[in-house]
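Start from the sequences, fold in the hints, and give me the full structure.
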Amino acid sequence: GAGVSQSPSNKVTEKGKDVELRCDPISGHTALYWYRQSLGQGLEFLIYFQGNSAPDKSGLPSDRFSAERTGGSVSTLTIQRTQQEDSAVYLCASSFFGGVGTDTQYFGPGTRLTVL
Amino acid sequence: DQQVKQNSPSLSVQEGRISILNCDYTNSMFDYFLWYKKYPAEGPTFLISISSIKDKNEDGRFTVFLNKSAKHLSLHIVPSQPGDSAVYFCAASGSGGSNYKLTFGKGTLLTVNP
Numbered sequence: 001g002a003g004v005s006q007s008p009s010n011k012v013t014e015k016g017k018d019v020e021l022r023c024d025p026i027s028g029h030t031a032l033y034w035y036r037q038s039l040g041q042g043l044e045f046l047i048y049f050q051g052n053s054a055p056d057k058s059g060l061p062s063d064r065f066s067a068e069r070t071g072g073s074v075s076t077l078t079i080q081r082t083q084q085e086d087s088a089v090y091l092c093a094s095s096f097f098g099g100v101g102t103d104t105q106y107f108g109p110g111t112r113l114t115v116l
Numbered sequence: 001d002q003q004v005k006q007n008s009p010s011l012s013v014q015e016g017r018i019s020i021l022n023c024d025y026t027n028s029m030f031d032y033f034l035w036y037k038k039y040p041a042e043g044p045t046f047l048i049s050i051s052s053i054k055d056k057n058e059d060g061r062f063t064v065f066l067n068k069s070a071k072h073l074s075l076h077i078v079p080s081q082p083g084d085s086a087v088y089f090c091a092a093s094g095s096g097g098s099n100y101k102l103t104f105g106k107g108t109l110l111t112v113n114p
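Protein chains in written order, with my numbering: chain A, 1 to 116; chain B, 1 to 114.
No lab work stands behind these hints: they were computed from the structure. Among the clues, some could well be false.
Said to hold, decoys possible - Covered by chain A, according to a simulated footprint, are these stretches of chain B (three or more residues, beta-carbon under 8 Å): (1) 13-22; (2) 39-46.
As the list claims (entries may be wrong) - Result set (EDC-like, lysine to aspartate or glutamate): computed pairs, CA atoms no more than 20 Å apart in a straight line: (3) B/106 x A/44; (4) B/5 x B/55; (5) A/11 x B/42; (6) A/11 x A/85; (7) B/68 x B/31; (8) B/54 x A/44; (9) B/106 x A/68.
What the hints assert, rightly or not - Derived CB-CB ranges, DEER-like: (10) B/60 x A/13: 38 to 46 Å; (11) A/66 x B/79: 21 to 29 Å; (12) B/70 x A/17: 45 to 53 Å; (13) B/1 x A/27: 23 to 31 Å; (14) A/78 x B/7: 43 to 51 Å; (15) B/59 x A/2: 20 to 28 Å; (16) A/96 x B/39: 22 to 30 Å.
A virtual CB, placed ideally from N, CA and C, is assigned to each residue, including glycine.
Dropping the structure here:
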């Protein structure tokens with residue numbers, strides 16, 4: 001079946017602009033995660049959605065970052081007034097039921113964001 | 001502070017030999033550990049995991065060892081194949097109530113030479 005898909009694959013923007021990154025999780029997966037990987041770093045947790053529960057936004061680095069998940073499926077990560085330090089690969093993952101580390105997270109290919 | 005550390009940025013081995021990738025962690029609350037493999041321009045893919053109640057888990061050519069007292073785990077690949085060349089990330093979960101959060105190391109680039 002289809003895996004996690006993300007769009008766009010690459011995004012170049014100017015400092016101060018807003019960007020939207022999209023994630024389509026695996027069908028039937030109730031949990032969705034966003035991570036980012038800055039150059040030379042490991043993946044950093046950003047936000048977690050599970051079903052209709054309130055999302056865990058504890059990893060979002062600033063209030064310029066927000067995310068939503070519509071209809072329990074597609075998710076959009078929005079970064080307002082982008083800064084150069086936002087340049088990174090943004091990865092989305094989904095899992096079947098979430099809630100525990102043993103529930104395998106399947107990652108998309110990521111969106112490479114470059115802020116000039 | 002880095003809670004999961006992969007101190008070797010890169011490793012090069014000959015085809016057919018053993019590859020050993022190491023990972024150290026500092027958070028004693030972690031109770032589940034995973035290895036992910038990542039090829040360029042692709043997302044990480046799950047490889048193997050181990051629960052803190054075990055000290056070894058094997059899946060084909062891949063074995064993960066956990067030493068809780070040393071807060072150390074390692075991934076052994078035997079025999080190594082050129083297709084194993086990728087970045088390997090160690091990850092951990094189980095810290096407090098948010099155990100769906102994975103904490104990742106920075107990764108180790110493995111190159112298997114034919």
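Hints, verified against the model:
| no. | hint | result |
| --- | --- | --- |
| 1 | 13-22 | violated (count 0) |
| 2 | 39-46 | holds (count 6) |
| 3 | B/106 x A/44 | 10 Å, holds |
| 4 | B/5 x B/55 | 19 Å, holds |
| 5 | A/11 x B/42 | 16 Å, holds |
| 6 | A/11 x A/85 | 14 Å, holds |
| 7 | B/68 x B/31 | 9 Å, holds |
| 8 | B/54 x A/44 | 26 Å, violated |
| 9 | B/106 x A/68 | 28 Å, violated |
| 10 | B/60 x A/13: 38 to 46 Å | 43 Å, holds |
| 11 | A/66 x B/79: 21 to 29 Å | 47 Å, violated |
| 12 | B/70 x A/17: 45 to 53 Å | 47 Å, holds |
| 13 | B/1 x A/27: 23 to 31 Å | 38 Å, violated |
| 14 | A/78 x B/7: 43 to 51 Å | 36 Å, violated |
| 15 | B/59 x A/2: 20 to 28 Å | 25 Å, holds |
| 16 | A/96 x B/39: 22 to 30 Å | 24 Å, holds |
Violation of the numbered hints given earlier is confined to hints 1, 8, 9, 11, 13 and 14; the remaining hints are satisfied by the structure.
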